[in-house]
Each structure stands twice: as C-alpha cells, then as structure tokens.
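Asks: Line order of the protein sequences matches chains R and G. My numbering puts the first residue of the first sequence at 593, with every later residue one more than the last. My numbering puts the first residue of the second sequence at 738, with every later residue one more than the last.
Note that these hints are calculated values from the structure, not bench results. Check the hints yourself; a few may be wrong.
Claimed, not checked - Covered by chain R, per the in silico footprint, the following chain G stretches (three or more residues, Cβ under 8 Å):
| id | stretch |
| --- | --- |
| 1 | 1109 to 1118 |
| 2 | 1236 to 1249 |
| 3 | 1512 to 1524 |
Stated by the list, open to error - Partial list, computed: chain R residues near chain G (C-beta under 10 Å):
| id | residue |
| --- | --- |
| 4 | Phe713 |
| 5 | Arg791 |
| 6 | Gly870 |
| 7 | Asp918 |
Built from N, CA and C at the ideal position, the CB exists for glycine as well.
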Amino acid sequence: MKERLEELQQEALKKVDQADSVQGLKDVRVEYLGKKGPITEVLRGMGKLSKEERPVIGQLANDVREHIAQAIETKQTALEDAALEKQLEEESIDVTLPARPVKVGGPHLLTSIVEEIEDLFIGMGFEIKEGPEVETDYYNFEALNLPKGHPARDMQDSFYVTEELLMRTHTSPVQARTMGAKDGSEPVKMICPGKVYRRDTDDATHSHQFTQIEGLLVDKNVRMSDLKGVLNAFAKQMFGADREIRLRPSFFPFTEPSVEMDISCKVCGGKGCSVCKGTGWIEILGGGMVHPNVLEMAGYDPKEYSGFAFGMGPERIAMLKYGVDDIRHFYTNDIRFLEQYHKA
Amino acid sequence: MLVSLNWLQEYIDVSRYSPEELAEIITKTGIEVESVEPVAEEVTGVVVGYVRSCEQHPNADKLNLCQVDVGEETLQIVCGAPNVAEGQKVPVATPGAVLPGNFKIKKTKLRGEESNGMICSLQELGVDEKDVPKEFADGIFVFPEDVEVGANAVSLLNLDDLIIELGLTPNRSDALSMAGVAYEVAAAIDGTYELAEENVKTCGEKTADHVSVVVEDSEANPYYGAFIIKDIQVGPSPLWMRNRLTAAGIRPINNVVDITNYVLMEYGQPLHAFDYDRFGSHTIVTRRAKDGEKMTTLDDQERTLKSDHLVITNGEKAHAIAGVMGGAESEVQDDTTTIILEAAFFDPSVVREASKDHGLRSESSTRFEKGVDPNRVERAGLRACELLAKYAGGTVLDGVVSHDELDRSEKQVTVNTSTINDRLGTDISNEDIADIFRRLQFNYDQNGDEFHVSVPTRRGDITIFEDMLEEVARIYGYDNLPYTLPQGASQAGGLTLEQLLKRKVKAYFEGAGLHETITYSLTHEDKAQMLVSPEVKEKSVSPVALAMPMSEDHGTLRLSMVPELLESLSYNVARKQENLAFYEVGTVFISEEEKVTKQPEEMLRASGALTGEWLSHPWQQEKKSVDFFVAKGILEGLSEQLDLPFSYEKTKLDHMHPGRTATVSVNGKVIGFVGQVHPKLQKQLGLKETYVFDVNLEVLIEEYKKEEKFQTIPRHPSVSRDIALVVDENVTAGSIEATIAEAGSPLVKDVQVFDLYQGEHLDEGKKSLAFRLLYLDPLRTLKDQEVEETHNAILEAVKSQHQAELRG
C-alpha cells in the first residue's frame, strides 16, 4: 500500500505540474483528493492492515494528501498570477493621453499682492482695518490736515456724491477712523488695504479706481528710524533681500517729516537704465511721521504720542514686480491675464 | 521748475559735481530731480558769420547767394531764408558741422552755385518751436551786432546748457525761483550763495508826483508797490537773457516783458508792467471786482469777473486781474515809453480762485497761489528797474509808491536737540544741528540744547517743530538715519474672523474652479440697477450717483456686481475665450434715502458668472456645459464650507430666465439668487447660456458658527432605504425632500435625490422622483421596526402633502 500511495503521489504531482488552467487543476484535485479518489480508496482498504501498519499507512496517506493539496495550491497561485498578469497586460493604457481636467481657478493678481503685503505686516504685529469707500469729507480730508479750501483737495480731483460725501481718494480715512476710535490713549498698529477713486481718465498709467495699502503706527516714542526699519524689512521681504532702499524728503499734508521710498532698480541693479529712468532707483511708496494736527484731531497728544504712516499702490507694485505694462489690465479681467498669476 | 545749469553755476559753484551727482544730491536733500537733459540736441561746428554780401541767386527766385565771413575765411552760402540780409551776424553751420537729427553739413552745389555751409534758424539748431522769438519764427536767427565773428554760436546761444527739471512738492514753492534753488543747492552741497543787492540809479523826479496807490482790500492785497520808468525803448532783450528765458521754458518777447519774466524766474516774484500813458489815470486802485464786471485781458479775451476776484484799476476800469493776467488796454507796446511797474503781494487764495475761474494758470499765478516771499516783493521791483535802465534805456523815477501792510517778520520755531534725536532715532550733536542751520542760512539763538530759530520768509512752509525736524533730518541725510524697529508693547497681529472667512470663501471659489475678477464699483446708471438681488432691491431706495461724473459709464455706484461680471465674460468671449468661470467678492452700495445725505450701506457680497463648457474631456466622451446645477453646486459647496444649509426657491427676476432662477436663503432669510441670465440679455452680450449667482457674504459670515464643533463619529450602522415616488410634474424635489426630512426626524439624517424620470410607463404630467434615505441613531443600533414605522410615516406625509404615490 505504501508503494501505491507513493505511486499516486508521483502521478498526481506530475498532473499538477502539467495542468495549464485553473479548471485542469480542479480536475486533478477531484481526481486525487475527491471522495471517490484513489487515496480515499487506499484509506478504505486500511482495515485489512495490521494494528502496527495502520497508523503508519494512515500517516503516509495524510502526508501524500497534504503534499498534493499543497502542490495544487502553489500551482493554483501561479496560474492565477499568470492569468492576472495577462489580464493586466491587456488593460494597459496610453498614459500620454490627456487627463480628465480638474477645474482650477485662482486669485486676482492684486489680491495676491495685497494678501502678501497683509501677511508681511501681520508678521510684524500689525492688524488689518477696513473702512467705507464712500467717505465723509471730514475723514477723507479734514481729519488728515486737509482743511476746506486746501489746494490739494480740489473738487476736480475727487468724485463727490454730495458736498459732504465722496468716493474716498485714499485709504487714509481708515487711519483717522481707527485712531479716533482709540480715545487718544491706546497705541495703533494697523494697515488698511482697499479700493480708492480719483478723477482720472483711464489710460495705461491712470485708473479712476485703484488699490491702496496704507499703514499706521502710533505709540509713545515712535521714531523716524522705526519707519525706516519697518519699511526696510518690508521691502526686502517683498522685493528680495538684495534690494537696497533709499528714503528721500517729500511732502504730504498728513505727515511731517515726509519721505518717499525708492528701491534699487531690479533691472539694472542700480546702475541706471530705462526702467528707472537712469537713476538706478524706483519709487515705491510714500510716508512719514504723522502730522501733529492729525494726531491732535484724533485725540492724541502730539507731545506724548508720535507715529508713522506710509502708503503704497499694489497696482504699481504689481507693474514693477511682474512687468504689467497697462494698469487697465487689472480691471478688464481678460482671462489670459487672470490665469497668468496663480502662483503670484 | 526748469533750472539751467549754466545759470545756476553763475550763482553758486557746482562745478565740482557732475550733473548726475548734483541731481542725486538735490534729490536726496529734498527736491526730486525728475530729469537732467541737454537744452537741445548736440550741435557742433556752428559759428558766428558776418554776411558781407547778399545777392539774388542767378538761377532761383527764392534763393540768395551770400558771402559770409566766418573769421578765418569767407564762405559762399546759398540761403533761402526771407530775412537774410547784408550786414547781419548769423549762425553758420560750416562744412563738417552736425545739426540735430545727426544732420551733417557738406559742401554742395545748389542750382549750379556752390554752397559751403548753411545759415541756420533757431529751429534748425534744436530750439523748441514754442521758445523761438516771433521775429525769428520764419527765418534765420540774427545775432546782436556786438558778437564776435567766428565765435562759437553754440555757446552764444546757450545750446550747450543742461536743464535740470525739479519736481516740486507743494510745500517747496521757495524753489520756484533761481535764487530759491541756489539757496537750496547751497544748503545741500554746503556752498555759499546770497541774492545779490539791487543796484538802481534814479533820476531826481519823484514817482509819487506821477502816481498814487489805493488799496481797498488790504487783506487780499497787503502790499502794492508802483515804480515808474520813463524813456523806455522797447526792443529785443540781450541775448544772454533770451537764452536764460528760453532755458526756463519762457519765450522771449521784448526787453520790457523779458525783464519782468526774468526777474520772475530769478526772484520768484511776478511783476507787471502797465503802459503809463495808456493806463487812463494816475491813480492805481486795487479792489474786489464787481459781479459781472467785464474786462479784456492780454490774450484779447473778454472776461467776466466775480467779487471773489481782485482787480487793478485806474479808479474806474479794471486793467489787470491781480496776479493772473494784465489787460489789453494798457499792454506794453512797441511805442511805449513810460511804464508803471507793479510789484505786489496778493493773497494766495484770491489768486487761486481767479486763476481757476478763468482757466488761466501762468508762471505768475502759480507763484502767487503758493505765496511769494514778502521780503523779496519790493526787491524784485528794484531789480527790474535796474535791468530796465540797463537794457531798455529806462530812467527810473525816485522812490516806490506803495500801500504796505505786509507782514515781513520771520517766524520763530524752537527746537531742542534731545527732542530731535528722540523723534528721529538719532544721536546728532548740538554742533551738528548748529551746522545744519548755518548751511540752511537760518539765524538762531542757541541756549545749550535749545535752538530758537528764525525762519527766513522765503521758507513759508516752516511753521512748527515738525517742519524744522524735517529740515534737520534732510540736511543730516535720510540715509544717515539708523534702521530700528518700534519699541512699543508688542501686539499679536492677525486677521479678524471676518477677514479669515473672507479669505476662506475666496479660496473656496478658486478651488471650485473660478477665477477672481475685480470690476469697477462705478458703473452706468442702468447697469447699477440691473440683476440686483431681491433683498437688496427691497432695501435700496435709489442708487447712489456721483454729483459730477466724468462719464456716464462710471457715474453710479453698483447695487450688484453681476452686470460688470457679465461685461467681463462678454469681453473675453469676443476674444474667443469662451469657457469662463468668474467670481468677485466686493461691496455694493445701498442707500435707503431718496436723495442721498448719509453714507450708503456698503454690503460685502460674492457674485459669480459662468458660461461655456464646464468640463471638456472629449476622448472619453465626457463633456458638460454650465447649467443651473453647476452654479447651484458652487453655492452648495460654499454652504458645505461654512456649514450653513442653503435653500432655494424658484423666482422671477428681471433679466433672468423666468424658469431657471431661484432665490437663495439661509435660516429663512433671502441672501441672494442664482440662475440663468435671460436669453435676450445673453444675446445682447454675445454670450451662450450663462449662469450667475450673487449672495450676501455679510449674512453668511454672521451666521457662521465660530465655535469649533465636534460631532461624535457614529459607532452604529446606518440603514439606507430607497423610495420612488410618482408626483405631479410641478411638485418640486426640494419640497418633497423637506417633507421627508420633517416626517423622518430624528432618525432620517440625510435625503438625496438619485433619480428623476418622466416618460413611458408614467401618466402624462407625472414624474417619478427616487430618494435615498439614511436612517441613523448615533447612540444605538436601529431596530427594523422603528425604521419601518418612520418610513411609513414619511410615506403618509408625502402622500397627504404632495399626493405622492409609491411607484410600483
């Protein structure tokens, strides 16, 4: 019987080996391991064996069974793998075909610039304040040391709604409002971005609507050197650590002393070229120490408090930083323009 | 302000700097140099020639054959200028000369006659047409007789000068004169300059015997000085003066006018000359004009005056609008022999008013408007007398007849070193500050740390400590200020919740595939009121319009951003960019008044506009055009982002598709609308099917629950059940959904439409809607029976409320 079992094992393993399909393998299993299979038959004949032989043969029969089952299983896995392989091979695709598009929009370039500036100043401890675009004459002019009759507030330069209301011509009224709300005793550290309006005919460099960001810091012992330090930090982060800044005297009714800030020209590195009109410098913002009249009108004692303020135009910054050549691009919303600046 | 470098050099030595260096120094100390340009294009090889003879060209009527002595030789030159004549001294471009435009002069033959050079007009030498004196406008230039033959004509005509253009800020009107610029440059480079004393010789005759001055409004005219100069011979002014005026951008006219203009440029003080014999009286009366009073100005325009304007009269008739323009009647003419020279101080606002009303802005009015130096008014008159005697043959009468209530005192400003250093963040010594005042030529008394500074009247802009602080800072050098950071208590900067949410909403729209746009707030009156959300329309009484718009297109404040968004779509579609999805976050302006008196409400809203294909993936047969549900889907995503359920109700709005428009509500409040633009409007704008939305962002931000919420993740399984209901086709899915949610509460956690069917196997006018319901109790496993009971309650509810039948 032992020989018979070994013979069966050999036979079966050979058939397993030869099986070339899952079905063929199934047949082998039924043939050898099935209830009517030869091994079962061998086991049935075990009654004829002696007591001593019975466990030996029984053990052997089980081993043979297991052996064959294992072989079938191994083969089965191999066959399945091969089949899968074949199937996957058939599923192969051309990966160079176009993808199913995912819709991606993006921010307007001006928003990107405004948010970048906001984030820079937030990092320096500034808050962001907003205010109305239709302003009172008081906040737009008077509170900023531009009394009625001042030449700089010509009716011709502003869009008035009534005698007392106008489209704000700068975001400075937000400064006046913020200071006014503080009761003359708390420090103020804020920037205010927003839309502003001037009576200009739209052309490549003028727009009747544009954007401004202004900043204000009022506290005890604020120094002009602080303004220089803050603007320097801002300019280096915004335009690159290799850019130099230069302050020069200027005039604004709401600051004294007043400054204009230039950064070294990126195109020529300060040597002078057509972009910087040969000067090596590009004007980027204006500012100064808050005029004592402005502090006083907002309820601060100019002997005790001082401050600095500055303002800049994101359109101009965008034009310098990205070479945008016409301010109207910002308001025409040509998709070919909008799409260009998603990484901005 | 145009500054001739040659002229400046005569006042103060700047030769140790290159023009660029000088420009940089001036810019950094306070006045921006906008450009440094040659007065004319480069010219070489032009000399003074003497026309020995001038004969008609034998072969040409309009040409002359001239023999011109240029010093070393005599050249034969063919000249076509009508004013060429024997005995003239003229600019000659000799062979090899180069004129502007790189025009090289060569020996040539003209109509058979040799021509060895060219006699030049000023235009040919690069002088701007508008600066050319009238007598030389149509021909060659003729030098005065005293120039030397063979001399360099380029430098005689000052064509080698450089012009520094200063961009003056409104406070620095002191630099509207060469003297002022020289003082400024002296401070900047630590040089020396002082305005030279006038030197006038007068005759024995007294001015006061010939004229008197009466000022009626001393506030408007605190000083009026009259000089009389007789024996005037009107003629050309000297060449050097003409050159300087030309460099300053002023056209030379005749000696009298040129001298008043020259002194204006030199001192910054406008003067006016009246013809004494044509003035009509011997009394000068300055007074406010009468409303409706008329006079004819120098430019032969009849002007109607107002009581705001100040006029110079002969006691009866106006002969000048003070500080703005003289009258035609007493204008200096070629036969004028005696003039009244006016040197006056007019109130800046009076001059500003008049110059604005008459649209006349001149070199003169600009200076009066900004305030002239009170200590230079009379001196300027004397200077003009000096020049008139010297260059116009004048005899100056003795004394000035004046009305004088002018305050000439110097303002006192006290500063101390420690406050200066505290404000600037510097460590400047007393000595350095004293040195700065010395450079500025400000007199001061020093008392230890304290300086009592007398501000020269030429610097009317300095009145308070901070003004003086700027003077110190700018001469010390802004470059020399240290870089420091503010010392105050630190504050955590950051965005408010509203600002954060605004950014979140924008980021959401962009992630959803929309591009941000920025459109104008000011729009056409019609567009301002179009496509306005119902709740805004209800609130707004009338749109806010500008009092004086520049154009109708930007005359009214928007009540909706949608019209301008559509305009942007239309702009792009016209440029073959057809698949577009835009959004904008911005304000609309709502006034609840019939006539605006208060600031309008500025409401933050988010709007969007979509057109064309939403998805295009042709090779896998996927393609979707925008439709209502794409637009609604964007809003639903926003609802998800903010965790605020939106509900939609069909509505009709002007300019919107009547069957495809809905209001959007949150917590029962209408906050906006969504839908298709009316096909008529689409067609008008050249758009295909276009969908828009507009929602109130302020309400959304308000409703947004800011506390962090955490909902237990259910540990128990949910049960889902589907039902298909047959209803009338006009019953909305939303209404059935609402009924199911209500009847299924609290076990039904979600209801979703998954199928809509109309057609075969259904009666006419019916539709089938299939819903998937999700039953869940987060705390326990649901029993079949409970689900069954709720399900039956739902079926009953939809049956009774919507006559819905279960579909068999």
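Asks: Any hints this thing doesn't respect? Which numbers, in order?
Replies: Those not satisfied are hints 1, 3 and 7.
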